[in-house]
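Listed below, chain by chain, are the residues.
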Amino acid sequence: MTLGDIIQLVHLKLGEQHTFYPQSEIVVQGINPAQRLLCLAYPTLNYVRTTVDVTADQAFIDLRTLPDASGNIIGNRFRSIRRVVLGNVTDDVSVISASTEELREIHHSSVKRLAGRNNWLSLHGEVRKYWLWGQYWLGLHKRPIDTTTITVVYAATPTPLVLEVPTGVPDIPAVYHAIIAEVATGLLLMKEGDPQATRGLARLHAALNFALQRPLE
Amino acid sequence: MTTLADEISRVQIMLQDIDTSVSNLANIATSISEAAQKLARLNYFPQLTWVNAISGTSVYNMPATNVDIEHVLYNERVLRYITESSFDRKLSGWELLKGEPKYWTSDNLAKNTFRIIPAPTRTGSALPVIPPVPIIMPLTDNILVFATEDISTNLDAVVPMPTLLDYDDWLVYYSVYLHAGKETTQQNQPLSKAGALLAEMWLQFMERDKAGGTN
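Residue numbers (the numbering used here), protein chains in the order written: chain C, 1 to 217; chain B, 1 to 215.
Bear in mind the hints are in silico, worked out from the structure with no lab data behind them.
One should not assume that every hint holds.
[Claimed, not checked] Calculated cross-link-like contacts (lysine to any residue; reagent style SDA-like; alpha-carbon spacing at most 20 Å):
hint, chain 1, residue 1, chain 2, residue 2
1, B, Lys193, C, Leu201
2, B, Lys210, C, Val153
3, B, Lys193, C, Arg203
4, C, Lys142, C, His107
5, B, Lys193, C, Gln196
6, C, Lys142, B, Val78
7, C, Lys112, B, Asp68
8, B, Lys210, C, Asp62
9, B, Lys210, C, Arg64
10, C, Lys142, B, Pro138
11, C, Lys13, C, Met1
12, B, Lys102, C, Ser122
13, C, Lys112, B, Val78
14, B, Lys98, B, Ala119
15, C, Lys112, B, Tyr81
16, C, Lys112, C, Phe60
17, B, Lys193, C, Thr198
18, C, Lys112, B, Leu48
Bound conformation, chain C alone (with noise of 0.2 Å):
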């Protein structure tokens, strides 16, 4: 679906109100917030894979730079890390790492664990742990000898939709986009306060199927 297609379905559900709800808000206030809501509860939806070329002595990497998957910085787009190789492994032909002649995973450890050694962060040679500071700062232990090729996968936030493209389509799969217009439509009602938001909440949680940890009431 289109988002001219998306906005047309949230109408629908609104019993067509396009005074109450002009398309504007329908877009900034109900379809934006719903993808990204959506992608939260489920972070698999959209998901990146890029490759970085890391400087020899590099020692971290703001994720914000990162490209997307059409070449756009991600800016705050960045989500969360889900995984780190050594190597280009965006395609099909995976390619080692031209400095290190490696193809492996790099795990995950943290600023704590590596503090264990007083030296952690000045250590140069083979890289094989990622740490993070926050969501966004990644470094790499230990620091590479040389320019080193990286794949970071990680969970974006899905771009935003704009009301002057009506041809715009989300980046997740074509078949949750009517469950956009149904969290949209739920989070649009929000603004009538009850008994519109209460039934405005139970559409979130039926259309999302959540399972939350906690309740919500």
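With chain C's structure known, arrange chain B on it following the hints.
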């Protein structure tokens, strides 16, 4: 990219508020800022802060936006956290020690300051590194702090928000909760409750993502 103006506009849509007076927009911005501070207190904004080490100086200041200090390295080596009382039991006059720093503490110190012990005997260079690897400032004989910060003071009407997009959604809903709950003519308790429920829902998922990150 989201700006503070975009966020205010989204909050106003939820509030069904068409008042564009400066004072009203400022009040909403205050709620958004308050919401951002809550995320900051939950350590959502990691930062790697470089501090220039000075020979003979043991107490250093962090930026005013600092929230929490997790790890401190000197000369690319780990400093161990210690409390002042631990040092008192071990050694008197430890504050006068000079040498290669081994410990750090924020115990009993003024906000946004930390002490490294012993005080260094060398002053690190403050000249940028070319090429800027691993960071633009030299780590040799200097201090690197793994910290978290408060970005609420950096929110600007036209500059993109220094947040992830998920955080922007959360800020809207939490701000609606705060704003609609105020004892003003705009008070709307049902809407405030709806905002709180949405914010809680978002935060549960954000916490799950974050759990794979910090530390």
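Going through the hints against the structure:
With a C-alpha separation of about 11 Å, the suggested pair B/Lys193 and C/Leu201 falls inside the 20 Å cut-off, and the hint holds. Simply put, B/Lys210 and C/Val153 have alpha-carbon atoms about 16 Å apart, close enough for the 20 Å limit, and the pair holds. At roughly 17 Å between alpha-carbon atoms, B/Lys193 and C/Arg203 fall within 20 Å of each other, so this suggested pair holds. A threshold of 20 Å between alpha carbons decides the hint, and for C/Lys142 with C/His107 the separation of about 12 Å falls inside it, so the pair holds.
Proximity of B/Lys193 to C/Gln196 is assessed by CA-CA distance (about 12 Å); at most 20 Å being required, the pair is judged to hold. Taken as a hint, the C/Lys142 and B/Val78 pair is honoured in the structure, with Cα atoms around 15 Å apart against an allowance of 20 Å. Between C/Lys112 and B/Asp68 the alpha-carbon distance is near 15 Å, which keeps this suggested pair within the 20 Å criterion. Between B/Lys210 and C/Asp62, the direct Cα distance comes to roughly 16 Å. Compliance with the 20 Å bound is thereby established for this hinted pair.
A distance of roughly 15 Å separates the Cα atoms of B/Lys210 and C/Arg64; the hinted pair therefore holds under the 20 Å criterion. Only pairs whose Cα atoms come within 20 Å are accepted, and C/Lys142 paired with B/Pro138 is accepted, the gap being roughly 18 Å. At roughly 16 Å between alpha-carbon atoms, C/Lys13 and C/Met1 fall within 20 Å of each other, so this suggested pair holds. A C-alpha spacing of about 16 Å is found between B/Lys102 and C/Ser122, which places the hinted pair at or below 20 Å, so the restraint holds.
Taken as a hint, the C/Lys112 and B/Val78 pair is honoured in the structure, with Cα atoms around 10 Å apart against an allowance of 20 Å. With a CA separation close to 5 Å, the supplied pair B/Lys98 and B/Ala119 stays within the 20 Å bound. In summary, the hint linking C/Lys112 to B/Tyr81 is supported, as the alpha carbons are separated by about 12 Å, within the 20 Å threshold. Only pairs whose Cα atoms come within 20 Å are accepted, and C/Lys112 paired with C/Phe60 is accepted, the gap being roughly 16 Å.
Between the alpha carbons of B/Lys193 and C/Thr198 the distance comes to roughly 10 Å, so the proposed pair stays at or under 20 Å and holds. Restraint check for C/Lys112 and B/Leu48: satisfied, since their Cα atoms lie roughly 15 Å apart, inside the 20 Å limit.
Every hint, counting from the list given before, is met by this structure.
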